[in-house]
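K.L.:
Those protein sequences? They're chains H and B, same order as listed.
The first sequence begins at 459 in the working numbering and counts up by one.
The second sequence begins at 103 in the working numbering and counts up by one.
No wet-lab data here; the hints were simulated from the structure.
These numbers were taken from a predicted model, which means no experiment stands behind them.
Treat the hints with care, as some may be off.
Unchecked claim - 25 Å max Cα-Cα, derived DSS-like pairs, lysine-lysine:
no.: 1; chain 1: H; residue 1: Lys625; chain 2: B; residue 2: Lys142
no.: 2; chain 1: B; residue 1: Lys149; chain 2: B; residue 2: Lys126
no.: 3; chain 1: H; residue 1: Lys587; chain 2: B; residue 2: Lys149
no.: 4; chain 1: H; residue 1: Lys587; chain 2: H; residue 2: Lys556
no.: 5; chain 1: B; residue 1: Lys149; chain 2: H; residue 2: Lys567
no.: 6; chain 1: H; residue 1: Lys587; chain 2: H; residue 2: Lys632
no.: 7; chain 1: H; residue 1: Lys649; chain 2: H; residue 2: Lys632
no.: 8; chain 1: B; residue 1: Lys149; chain 2: H; residue 2: Lys550
no.: 9; chain 1: H; residue 1: Lys625; chain 2: B; residue 2: Lys149
no.: 10; chain 1: B; residue 1: Lys175; chain 2: H; residue 2: Lys575
no.: 11; chain 1: H; residue 1: Lys625; chain 2: H; residue 2: Lys567
no.: 12; chain 1: B; residue 1: Lys142; chain 2: H; residue 2: Lys550
no.: 13; chain 1: H; residue 1: Lys550; chain 2: H; residue 2: Lys587
no.: 14; chain 1: H; residue 1: Lys490; chain 2: H; residue 2: Lys500
no.: 15; chain 1: B; residue 1: Lys221; chain 2: B; residue 2: Lys193
no.: 16; chain 1: B; residue 1: Lys175; chain 2: H; residue 2: Lys567
no.: 17; chain 1: B; residue 1: Lys149; chain 2: H; residue 2: Lys575
no.: 18; chain 1: H; residue 1: Lys575; chain 2: H; residue 2: Lys550
no.: 19; chain 1: B; residue 1: Lys142; chain 2: H; residue 2: Lys649
no.: 20; chain 1: H; residue 1: Lys625; chain 2: H; residue 2: Lys575
To be verified - Just some of the chain H residues that point at chain B, by a computed CB distance under 7 Å:
no.: 21; residue: Pro534
no.: 22; residue: Ser535
no.: 23; residue: Pro538
no.: 24; residue: Lys541
no.: 25; residue: Leu581
Note that CB positions come from ideal geometry on N, CA and C, so glycine has one too.
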Amino acid sequence: MNKYIYWIAILGFLYSCGPEAPTTLPYIGKKKMVDGVEVNHKIPAFEMLNQDSMVINNESLSDYIYVADFFFMSCPSICPKVKKQMMRINEKYADNPKIKLISHTLDPKRDSVDRLKQYATNLGADHDKWYFLRHEDKDVIFELANEYFVVAYEDPDAPGGFDHSGKILLIDQKGHVRSFAEGTEEESVTKFLDDIDLLLKEVSETPG
Amino acid sequence: MKHPASYIIIILISLSSCELDTYKQGERLYGVHCESCHMKDGSGLAKLIPPLESDYYKNNRDQLSCIIRYGLKDSILVNDEWYEQEMPRNKDLSEIEIVNIINYMDNVLLKDERFTTLKDVKAQLENCDN
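If we strip away everything but chain B, and leave its shape as in the complex, we get (with noise of 0.2 Å):
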């Protein structure tokens, strides 16, 4: 290849199916960890399963991971709704999985565009409630 301008193509090709291929994984998890309860566009269950466009998950965003991986139990006031449902717990998903998860959730279904790592989540975990 003579010309740079074909490196720089190339790279912008990986890049973007790179972009693709970001929430791949999380659109796949959540779909089968979460999506049966939070649908799949994640409107929930009229006052049953609350919505992820919500007050609660922008004010629990550094809680996302222990939220995933120990359920919730206690009833929960979401967008002015109390939540008496319990969510289920999800042991088995590792640290990238629900990394890949909540990336989902924030950039593909509530179209926020913000990146959450792998070190916000160990971070998380290690300050979880549970």
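Next comes chain H alone, as it looks inside the complex (with noise of 0.2 Å):
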């Protein structure tokens, strides 16, 4: 009997340590109490239009999982490397038509959506997967930044006058957030690229 008890240890052992990757994507951030129930940290509703003057929000992404950042277009500093990286992502799931990206202007005073439009070509973007998204309030930018764990403010002293970190984030078809990078190292958007597969993965396996 004995012997048994230990036979299952070790398989229960070697089970759960097993050197398998992990098959689903944390959700991140805290959790909130909803009337009663624990509900994930969700991106609120958003409103921006696109490089075309489309009204992209949550809604018009719903059917999608998607990967954002927060850029402006005369970034000095870390946003080209970000840019180098989003356009590695873009390249990657080209032909993927259930994934979108969206880079978030911090800037709109100087971003214009024709400056952004022309920003976005001369990217190589395909315009109706890769959304430059602006809105006439920076503080409502600065505001969903924080929502996907993106610190951004104006900054005088900053090159070129806002401060942010550039993460790239990943989000789920119901706007949770599911994995970031470092937008400026190519090493950790290179494992990024393997959650989005995974979510992919999970995506195509929920019903509905």
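Dock chain to chain to rebuild the complex, using the hints, since each chain is given by itself in its own frame.
P.N.:
Encoded structure:
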């Protein structure tokens, strides 16, 4: 009898500690209690224009998972590096209709819709897949950035006038943040690509 | 030390360590002032930031110091693509630092063995259009 218990313990140990990669992504952010039920952090409703002056909101994204970052066109510091990594993601999923990319500008004053369109074209973005979103009121953008755990604020001493982190985030079709990468670091984004694959798998296996 | 060869060996060792250090400052400065846009390998970003490996770079070699110090405003044609974004100036870089950045780009990034001197940079800076 004792022997069996040992075997079960060993098997259990092997099973739980095996090298198998996790098969689902965590939910990132603080859980909240709503009506006595614990709910995961969710990106709140938003509505903005993209580079083609099309309205993009949560609903237009509800069938997709998406990858998001925050930037501004005249940013001399981290943005070009982050954009290079966004391009990498864009290229890998160019033919996958389930995924969108979203780049929010933090500088609506200088980054007009027209200029964003030119920028997107110069990056080689597919305009139906990669949205460059703008909102008149920069406070709305800064607050939204917060929901993505991206720190962003105006700072006259920062290069270009804004300070922000170069995170790239992965959002599922229900608006939950599921993974993130440091957009300035290639290796971090390499791992992130695996997470995107995991989420795509999860979504394709979830009915509805 | 009795043997003359030991002197030669010591000289060789010190020269080779010098060699390793040659591009250290250039590498660091490039990392701080240029890499965020032109990328670690100098490849740039799509049609927004030009690659350093370019006809423009080769044809404007005698302008490099001016480009680094004063940045670029006008659109430029690089490898058959127009680039329109501005490149910011670097007015705090000393002449020596500019020498080191140029040598780092040429010898390490572009693997084009050539050596720019302080004299070259001074001469370039006297003839900038800015």
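K.L.:
Taking the hints in turn, state whether each one holds.
P.N.:
Against the structure, the hints:
1. Between Lys625/H and Lys142/B the CA atoms are separated by roughly 19 Å; this keeps the pair inside 25 Å, and the hint holds.
2. Taking the CA atoms of Lys149/B and Lys126/B, the gap is near 30 Å; set against the 25 Å cutoff, the hint is violated.
3. This hinted pair checks out: Lys587/H and Lys149/B have alpha carbons roughly 19 Å apart, not beyond 25 Å.
4. For the suggested pair Lys587/H and Lys556/H, the alpha carbons sit about 10 Å apart, so the restraint of at most 25 Å is met.
5. Simply put, Lys149/B and Lys567/H have alpha-carbon atoms about 23 Å apart, close enough for the 25 Å limit, and the pair holds.
6. Restraint check for Lys587/H and Lys632/H: the C-alpha separation of about 18 Å stays at or below 25 Å, so the hint holds.
7. Taking the CA atoms of Lys649/H and Lys632/H, the gap is about 22 Å. The hint holds against a cut of 25 Å.
8. With a C-alpha separation of about 19 Å, the suggested pair Lys149/B and Lys550/H falls inside the 25 Å cut-off, and the hint holds.
9. Our distance criterion of 25 Å between C-alpha atoms is met by Lys625/H and Lys149/B, whose separation comes to about 23 Å.
10. Distance check on the hinted pair: Lys175/B and Lys575/H sit about 21 Å apart at the alpha-carbon level, within 25 Å; holds.
11. Distance hint between Lys625/H and Lys567/H is fulfilled; the C-alpha atoms sit about 22 Å from each other, no more than 25 Å.
12. A hinted pair counts as satisfied when its Cα atoms are at most 25 Å apart, and Lys142/B with Lys550/H qualifies at roughly 21 Å.
13. For the suggested pair Lys550/H and Lys587/H, the alpha carbons sit about 13 Å apart, so the restraint of at most 25 Å is met.
14. Between Lys490/H and Lys500/H the alpha-carbon distance is near 10 Å, which keeps this suggested pair within the 25 Å criterion.
15. For the suggested pair Lys221/B and Lys193/B, the alpha carbons sit about 19 Å apart, so the restraint of at most 25 Å is met.
16. Restraint check for Lys175/B and Lys567/H: the C-alpha separation of about 20 Å stays at or below 25 Å, so the hint holds.
17. For the proposed pair Lys149/B and Lys575/H, the alpha carbon gap of about 13 Å is at most 25 Å, so the pair holds.
18. Only pairs whose Cα atoms come within 25 Å are accepted, and Lys575/H paired with Lys550/H is accepted, the gap being roughly 22 Å.
19. With a C-alpha separation of about 20 Å, the suggested pair Lys142/B and Lys649/H falls inside the 25 Å cut-off, and the hint holds.
20. Simply put, Lys625/H and Lys575/H have alpha-carbon atoms about 22 Å apart, close enough for the 25 Å limit, and the pair holds.
21. With a cut of 7 Å, the hint placing Pro534/H at the interface with chain B holds, because the nearest CB-to-CB distance is about 5 Å.
22. For Ser535/H, the interface hint holds, the least distance from its beta-carbon to any beta-carbon of chain B being 5 Å, beneath 7 Å.
23. Given hint, Pro538/H at the interface with chain B, holds; its Cβ is 5 Å from that chain's nearest Cβ, closer than 7 Å.
24. For the restraint placing Lys541/H at the interface with chain B, the shortest Cβ-Cβ distance is roughly 6 Å, inside the 7 Å limit, so the hint holds.
25. Residue-level restraint check for Leu581/H holds (minimum Cβ-Cβ distance to chain B is 5 Å; threshold 7 Å).
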